[in-house]
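Enquirer: Sequence order for the protein chains is A and B. According to my numbering, the stretch in the first sequence is residues 1 to 370, in order. According to my numbering, the stretch in the second sequence is residues 1 to 370, in order.
Calculated from the structure, these hints are not laboratory results. The structure presented is a predicted model; accordingly, all values stated were derived computationally and were not measured. One or more hints might be untrue.
Said to hold, decoys possible - Chain B residues, not near chain A, derived (Cβ > 12 Å throughout):
| # | residue |
| --- | --- |
| 1 | Asn21 |
| 2 | Ile22 |
| 3 | Arg39 |
| 4 | Phe64 |
| 5 | Met77 |
| 6 | Gly90 |
| 7 | Lys324 |
| 8 | Arg334 |
Stated by the list, open to error - Selected chain B positions facing chain A (Cβ under 8 Å, derived; list incomplete):
| # | residue |
| --- | --- |
| 9 | Glu61 |
| 10 | Ser63 |
| 11 | Arg145 |
| 12 | Ala346 |
| 13 | Leu352 |
| 14 | Phe354 |
Every residue gets a Cβ at the ideal spot worked out from N, C-alpha and C, and that includes glycine.
Number of protein chains: 2
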Amino acid sequence: MKKPEKPAKDAKRELETMGNNIVGDIKKGENPSFVATTRTRSNIVYDQKEGYLRLGKAEEERSFLNVAQSKKFMQTMAIAAKCHKFLTEGLHTTIRGLFYQLKFSLGEDVDESLFEEQSESNPLIEDLEVSLGVKREDLNLNANRKGVLAGSMKVVDTFGNEKVNIDCSKMGRSGWQIPSDVDNDIEFVDVKAKYVLVVEKDALWQRLNEDQFWKKENCILLTPQGQASRGTRRIIRKLADKGIPIYVFTDSDAWGWYIYWTIKTGSINLAYIGGDVATPEARFIGVTMSDLDKYTFLNKLTIAASEVDVKRAQEMLNYEWIKKHKEWVTELERMIKSKKKLEQDALQGPRLTFVGEYIKDKVKNNEVLP
Amino acid sequence: MKKPEKPAKDAKRELETMGNNIVGDIKKGENPSFVATTRTRSNIVYDQKEGYLRLGKAEEERSFLNVAQSKKFMQTMAIAAKCHKFLTEGLHTTIRGLFYQLKFSLGEDVDESLFEEQSESNPLIEDLEVSLGVKREDLNLNANRKGVLAGSMKVVDTFGNEKVNIDCSKMGRSGWQIPSDVDNDIEFVDVKAKYVLVVEKDALWQRLNEDQFWKKENCILLTPQGQASRGTRRIIRKLADKGIPIYVFTDSDAWGWYIYWTIKTGSINLAYIGGDVATPEARFIGVTMSDLDKYTFLNKLTIAASEVDVKRAQEMLNYEWIKKHKEWVTELERMIKSKKKLEQDALQGPRLTFVGEYIKDKVKNNEVLP
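Can you build the whole structure from these sequences, using the hints too?
Expert: This is the structure we're talking about:
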């Protein structure tokens with residue numbers, strides 16, 4: 001089902017409002033403060049209804065006239081001021097680049113620094129994100145990027161003074177590299193796809209891209225190149241918002257399941273922006289242990305499951321969500337019993353093009369796990 | 001200086017010649033065999049004159065009628081047959097995909113497999129590469145890809161039945177993802193650049209790309225995103241062959257130096273294709289410990305060198321090449337003495353755009369290390 005896009009917040013205006021409130025507090029002779037949602041484990045909940053990890057309702061006040069918070073409050077204001085500057089200049093950096101600006105901010109003639117370690121600034125950036133209700137990308141802070149896609153869609157990238165048009169169906173062997181920020185100054189138009197196929201490994205993405213799988217199947221072919229970056233999780237979410245089904249294709253092992261899980265439900269680390277980066281609508285298309293029954297040749301191509309794989313499968317069996325989804329119980333028990341796992345690469349065993357035939361077949365018959 | 005491009009070998013024809021020779025041996029009642037250059041450490045030399053790591057002259061014969069080699073000989077022939085098939089079909093896979101084809105090759109009704117572990121097939125692929133004088137990419141085996149570039153150059157990518165034209169000056173925030181194979185069915189045209197800047201970290205590449213550094217400086221802006229992949233090393237070599245100077249920009253620490261070293265001289269693992277992936281003409285543009293004298297604000301932005309950094313610097317001081325290059329001795333001694341290191345990210349301390357000013361200044365004054 002197509003969801004309406006949430007209107008983006010204007011991060012610069014949010015920063016200004018925060019600043020004005022704090023100046024107001026000071027002028028009134030009050031203790032300047034702001035409120036941030038608590039991000040400790042105790043306030044991270046799995047939202048049963050929505051199907052993703054998010055923060056609960058617990059909030060904490062950060063105030064200046066509090067011996068334990070005074071320094072951090074001042075540091076947070078320094079971060080806010082820097083981000084406001086970046087937004088005004090229209091320039092981006094990373095949380096590492098921001099740290100160096102903060103470290104330098106008292107100037108080279110002053111011995112002391114506002115910050116000594118990046119571990120001081122990182123949690124305060126998250127404070128700002130939750131307090132303002134924006135993502136760091138909205139504050140012009142780039143995150144690591146990883147992930148590539150190809151398919152029938154166009155990107156309109158307003159980059160500096162230029163409007164760059166990129167046709168993701170004309171990127172050849174390379175594909176289009178998914179950027180850190182897929183929300184600001186960038187648009188996705190003419191998105192024509194029956195579904196999005198998220199392929200764990202770049203090697204398999206290249207295989208399918210070479211077969212022009214996305215063209216034949218009218219889908220978008222995307223690889224997170226392993227665990228999905230913030231930008232990749234976000235673009236998957238945005239494509240799902242357009243009402244396009246999302247299928248995730250990974251190895252049948254602990255790492256593959258984790259990649260699927262993270263795309264679907266988000267992660268503890270990013271629970272504070274859970275709704276923006278989780279895609280509960282995602283379905284698992286393979287490879288599965290049950291594939292061994294239908295595609296019998298795969299029995300020759302299983303490999304030994306590691307201790308980590310088996311231990312992880314045992315842990316997952318205790319999840320309430322898994323208990324309710326028998327297909328997953330069967331999958332996990334089968335690995336634990338056989339101590340074997342299956343890689344997506346194995347589908348190339350009989351012929352290189354079999355990978356695409358397998359996916360086509362699964363999509364056609366809607367053979368997916370929840 | 002511009003070097004003439006080495007004419008590429010036709011890998012398919014090379015495989016056929018090898019096959020015909022072996023059939024010839026058998027028909028003559030001789031022991032079928034082929035010769036591969038030895039790849040053990042004892043046969044890896046640092047070529048003083050050329051400035052890179054390559055194999056020496058030691059060769060080994062692989063023959064069928066030799067109890068110790070019989071199985072491996074048969075396995076190598078199976079690999080050669082598979083690669084010949086891939087080339088005939090015009091399809092690519094990875095060494096993992098090849099392994100699964102080999103594992104399956106006796107069919108699902110036969111209990112035994114030609115290969116049990118990928119560790120069996122990997123060295124035999126290298127045997128084939130050195131024996132035929134081709135790279136695995138020429139055998140349609142993709143390697144991991146990593147690395148992005150932007151700049152005034154065009155890519156003509158003959159991909160399947162299509163000719164895709166990519167303009168690397170119109171890739172916006174993303175850049176063009178460097179593929180695994182930059183030699184076959186791909187051409188680089190209209191390459192207009194005064195130099196190539198290789199930036200260790202993607203974060204700094206994004207910073208410079210946003211400043212349109214490559215446009216203002218008329219250079220090619222490339223990041224290997226950490227240690228350079230085979231494809232990225234190869235494209236740097238190809239750009240150097242066009243007579244374009246290569247500057248490498250990394251952190252001043254063990255990892256940064258290693259990245260530079262690998263680009264410049266190649267590596268032990270890839271010594272068997274040393275000349276194809278090493279760029280001895282590369283120069284180190286920074287950041288350097290000596291930058292602390294010229295850009296005094298950086299003194300506030302150094303961070304503690306790790307034990308690994310100091311140990312590595314001490315080891316490097318014993319290299320003959322380093323001993324002959326006093327600039328490097330000074331660099332290494334300075335880190336060892338101060339136990340401080342400097343990251344390229346620190347150049348953003350005073351203002352985000354300083355990174356570009358720094359590089360411009362260094363290029364203009366040719367302030368580079370050998």
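Enquirer: Are the hints correct? Go through all of them and say.
Expert: Tested hints:
No Cβ of chain A approaches the Cβ of Asn21/B within 12 Å, the least distance being about 27 Å, so the stated non-interface status holds. For Ile22/B, the requirement that its beta carbon stay farther than 12 Å from each beta carbon of chain A is met, with the minimum near 25 Å. Distance check on Arg39/B: its Cβ is at least 24 Å (rounded) from any Cβ of chain A, clearing the 12 Å threshold; non-interface status holds. Remark: the non-interface label on Phe64/B is consistent with the geometry, its nearest Cβ contact in chain A lying 26 Å away (cut-off 12 Å).
Against chain A, the non-interface label of Met77/B holds: every CB pair exceeds 12 Å, the least being about 19 Å. The Cβ of Gly90/B does not lie farther than 12 Å from every Cβ of chain A; its closest approach is about 9 Å, which violates its non-interface assignment. With 12 Å as the threshold on Cβ separation, the claim that Lys324/B sits away from chain A holds: the shortest Cβ distance comes to roughly 34 Å. With 12 Å as the threshold on Cβ separation, the claim that Arg334/B sits away from chain A holds: the shortest Cβ distance comes to roughly 19 Å.
The restraint placing Glu61/B at the interface with chain A is violated, with a minimum CB-CB distance near 32 Å, outside the 8 Å limit. A distance limit of 8 Å between C-beta atoms decides the matter here; for Ser63/B the minimum to chain A is near 30 Å, and the interface restraint is violated. Residue-level restraint check for Arg145/B holds (minimum Cβ-Cβ distance to chain A is 7 Å; threshold 8 Å). Taking 8 Å as the C-beta contact cut-off toward chain A, the hint placing Ala346/B at the interface holds, the least distance being around 5 Å.
A least Cβ separation of about 5 Å between Leu352/B and chain A falls short of the 8 Å threshold, and the interface hint therefore holds. Residue-level restraint check for Phe354/B is violated (minimum Cβ-Cβ distance to chain A is 10 Å; threshold 8 Å).
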